[in-house]
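Build the full structure now, drawing on both the sequences and the hints.
Single-letter residue listing:
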Amino acid sequence: MSETKKTTIVLFSGDYDKAMAAYIIANGAAAYDHEVTIFHTFWGLNALRKDAQTPVKKGFMEKMFGKMMPRGADKMGLSKMNYLGMGPKMIKNVMKKHNAMPLPQLVEMAQEQDVKLIACTMTMDLLGLQKEELLEEIEYAGVAAYIGDAEDGNVNLFI
Amino acid sequence: MSETKKTTIVLFSGDYDKAMAAYIIANGAAAYDHEVTIFHTFWGLNALRKDAQTPVKKGFMEKMFGKMMPRGADKMGLSKMNYLGMGPKMIKNVMKKHNAMPLPQLVEMAQEQDVKLIACTMTMDLLGLQKEELLEEIEYAGVAAYIGDAEDGNVNLFI
Amino acid sequence: MSETKKTTIVLFSGDYDKAMAAYIIANGAAAYDHEVTIFHTFWGLNALRKDAQTPVKKGFMEKMFGKMMPRGADKMGLSKMNYLGMGPKMIKNVMKKHNAMPLPQLVEMAQEQDVKLIACTMTMDLLGLQKEELLEEIEYAGVAAYIGDAEDGNVNLFI
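Protein chains in written order, with this note's numbering: chain W, 1 to 159; chain Z, 1 to 159; chain F, 1 to 159.
Heads up, some of the hints might be wrong.
Using 25 Å as the maximum straight-line C-alpha spacing, the simulated DSS-like pairs for lysine-lysine come out as follows [unchecked claim]:
(1) K80(F) <-> K89(Z)
(2) K67(Z) <-> K67(W)
(3) K80(Z) <-> K67(W)
(4) K67(F) <-> K92(W)
(5) K96(F) <-> K67(Z)
(6) K89(Z) <-> K63(W)
(7) K80(W) <-> K75(F)
(8) K96(Z) <-> K63(W)
(9) K6(Z) <-> K6(W)
(10) K75(F) <-> K58(Z)
These are computed hints drawn from the structure, not numbers from a lab.
Structure below.
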């Protein structure tokens, strides 16, 4: 009996570099035939935002959060040495030079490899994010689904 | 044989949002009958501080740390968009609006669900925190106890 | 049959306190006869840098990163209360007072206990770090090796 290995990642962070690490591990695990889930919560939801502005109705606070948070994977800052945005540019330059995949492509690759991308509905609610603002073909779930997945996981990470 | 599943969380972070995530996962896992432990170390110890000032004798450095660190779960800042404390207020407003539980209640709920709350004695020592300053009915242990717990854990996270 | 337990840690963070936590857990697990691996990626690679300057040829961007990043475990900042470097000094003073091991010695102890220290080759490439700049007797690997290790791990953490 060959049992499928399972990897689950909670992506809490909204930092470009941490999201990269999460997606590199996810894509790596998927390449080794793991069943992989990334559960996006809090600032990690920003990795799933569409880069175009999407017209949705929101309250004042939700609008504020919406404006202050980066719109999509490409706009996120670094956890270290962000220097008002210079850091991410440097990293992206170096990545291009070394033919490393930028984050939006890592997300696409994950979708092609059937990594399950889940948006945490409770924190979507808190931050005022609506389904129309997030990428297509993702799933929506809460903490119960996460526990159910993770309790059978071989590799469970919080990033 | 129905085996009890086990979740362990190292709460290292002193950020309000990360501590929320830790306690939401812990409460979720406890609701699914996991045996759950949160091991509080470094800044994560602040989630266990009483909000009232407790008279204890301390050296100079320990007093400094004591003054600089937030006194209890309710006083912690955000990992992102803290804006000198405006961020946490916004989050708490939004949470109230959406009937989400604030952190101090998540901690209470965890205690009611028999989540084991452990304070790391080594880092208490380093930061000059004394038992009198922390919540009642928590346990005290070191890294050995953590390893013993985590090596049988189904879900082990570092937050 | 006594099976060896396994602990793997991804050290992503370049913060002194987080690296300390990683190495304390790693040394604890090794003391309990776990097979332990620390996989250093992104800013976590700085914990493996030699403190002496090593003459290597680099491009402009790689030189910039090299200059901006801390040279070795002892030079890293704190994740909280860094205060332009005053925080690490305070922590180190308090550690000395309490006979706690500073980070460079925790790294040495890990090597003595046969903790496998791995540098992530992909991020070494990105940040322009070369083997000559890193400690001796470490290993070099990519995400595939990490997945292979972690899928059999009892405790897998991302720090």
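Going down the list of hints, with the structure as the test:
no., hint, result
1, K80(F) <-> K89(Z), "holds, 20 Å"
2, K67(Z) <-> K67(W), "violated, 34 Å"
3, K80(Z) <-> K67(W), "holds, 14 Å"
4, K67(F) <-> K92(W), "holds, 18 Å"
5, K96(F) <-> K67(Z), "holds, 21 Å"
6, K89(Z) <-> K63(W), "holds, 16 Å"
7, K80(W) <-> K75(F), "holds, 15 Å"
8, K96(Z) <-> K63(W), "holds, 17 Å"
9, K6(Z) <-> K6(W), "holds, 17 Å"
10, K75(F) <-> K58(Z), "violated, 28 Å"
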